[in-house]
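Take these sequences, add in the hints, and give me the full structure.
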Amino acid sequence: MNRALAAALDDALRRLGDSLPADWRRIVMVKNDGPIPVPPHPVDGDPARGFNLLLLSEAGDPAYYVRCRDAADAVAAREIEVLRILADAPALRPHLLEAAGSRSGGIQVLATRYVDGPLLARLVQGMPVPEWQATLEELIDLTSDVGRVARERLPDAGSAAPFDFAAASRDGLKRLADRGLGAARSEALARVLDAAGTAARFPQHGDLWPGNVIRDGSVWRLLDFEHFGLVDAPLFDACHLTFTGTEYLLTGGHGLDQPWVSQVHAGTPVGRASRNVLVHAARRLGLAPEAAAGALVHYLVEGTDRLMRRGAMEEVWQFPFREVTALAELIERGSDPEQVFFEELVRD
Amino acid sequence: MTRELIASPPVLAAGNWVWLLAPAEQERALVIAPEGDTLAQVLSPHFGSVERVAPGAAVRRESADRSVDLVAISRLEECASNRAWLVDSVNEARRVLRDGGCLLVTFMNPRWARRVISGWGPARLAQSRSVAAVLEGAGFSAVGSYYLQPYPGANSIIPIWAPAAEHHERVQHVSSRLGRFRPLVARLGGHALLYPGCACVGFV
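Just so you know, the sequences run in chain order P and Y.
FYI, the numbering used here numbers position 136 of the first sequence as 918, with every residue one higher than the one before it.
FYI, the numbering used here numbers position 84 of the second sequence as 107, with every residue one higher than the one before it.
FYI, nobody ran anything at the bench for these hints, they're computed from the structure.
For each residue, glycine too, the CB sits at the ideal point set by N, CA and C.
Among the hints, a few may not be true.
Now the in silico label distances, taken between C-beta atoms and shown as ranges [unchecked claim]:
no., chain 1, residue 1, chain 2, residue 2, range
1, P, ARG796, Y, GLY160, 35 to 43 Å
2, P, ALA1094, Y, ALA107, 45 to 53 Å
3, Y, ALA107, P, GLY1034, 46 to 54 Å
4, P, SER801, Y, ALA47, 19 to 27 Å
5, P, ASP927, Y, SER164, 47 to 55 Å
6, Y, LEU201, P, GLY1068, 45 to 53 Å
7, Y, GLY123, P, ARG935, 40 to 48 Å
Taking beta-carbon pairs under 7 Å as the criterion, some of the chain Y residues facing chain P (in silico) [said to hold, decoys possible]:
no., residue
8, ALA45
9, HIS190
10, HIS191
11, VAL208
Next comes the structure, spelled out in structure tokens:
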């Protein structure tokens, strides 16, 4: 093995009370996204994103999951620091993976102790709707606690300036309009965003979907802090978890037959539960109904636009794009997202 | 399913294979590969010079002893159909490799289920065990055998070991409706059915 990789891995594992496996059979490369350190003459302009390793015990059980990135990768370096800071909070520690980072030569690694529990993505399939709603609300409470600690302790935990929903969504909305959403629908969504005004920023996980939540005995643990805090739009995590959670509940993640927005509007059992979850999250943040509706529109616009910007395949972005379209059409037909999604807040 | 997906270079294109093999130096690489193979191109950013030679000229008597850092035989099944060619080429690789150098041999997995079902590909294919035995017979050390999973988004390199395959499948979350059964297939010893490519490596 490359000496720098071996040194970084060994150091990280020693911090976790272990050492580098000598047997190559125990190292599985599970994701291989580009050479690191970047070779002197890269073939193309693609960013080198490194690779992930799964380290097995002598008995063949998973022991560690290791992300290996270029030493210059600021996102990876930040994730190591974020996990270190969050793990200092005793109340959060049971909900994070035990992790240690290290670097050597041109490489940095983040080794996390493997938790052999089921992912929420698997547990949620076919779950009774009331249990599904309670699970999502529990996770929203957990991520709120994490966000609160992050706001106090992370040095880059967001600007003090309030979050302006319309300004933050403007470019994305324009791109979606150009990609087929159309001017009229785009304007319908813009009206909701304008009415939303501003709200206090709150650090978000940034990719809270059922594949990033694992059950470990009696507790939930959150995975993948690569983007933690880089998104600070309120309600972003709650919207993402509820939308993707609906998809996993109903189809195991294979795309919804009927748009989520339409199910909420129609008041299907899952739609009503989704609305309850979002109201629960909005209340925790103290959001006014118009701000909550703006946060939902911002999530759908930003989430879809982000996938498109990253070059995701159409089969991936078509589902959130369909949600954006469905919501815009509801507004065009005279429905008010505040009433459809946050009726209880309006009554408050 | 295209032939390009079966071949190993997509996995190697990510570059980390060479990087993990980590020959002591990365000055010179020799790639034995059929026409159209892209492995030499893939390796070029990592070595001072990379030369591709056709399988017919694989035994490069003119290469000096201990002058090469990596020898790669790509798409073994298209290079030759007999063991004698492999034995000869591996022995020659051993001669030209420097101390700390390594040999990489990639080939189609003869047991891959989709190939077997469709009857696709050359009839006679190398088994990883027999390739590894040839490497060990030529004096290579730390010989390892791997599956290559070249699908976009994975590009995985998996040791040929049931637990490695099982946990690779559990982590990789293949989202197709049959994907959920892959960990079980691996656990029950059917891991060879799951992957299109194989590779063996050995060190000097």
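> Hint by hint, which ones does the structure fall short of?
Replying inline: 11
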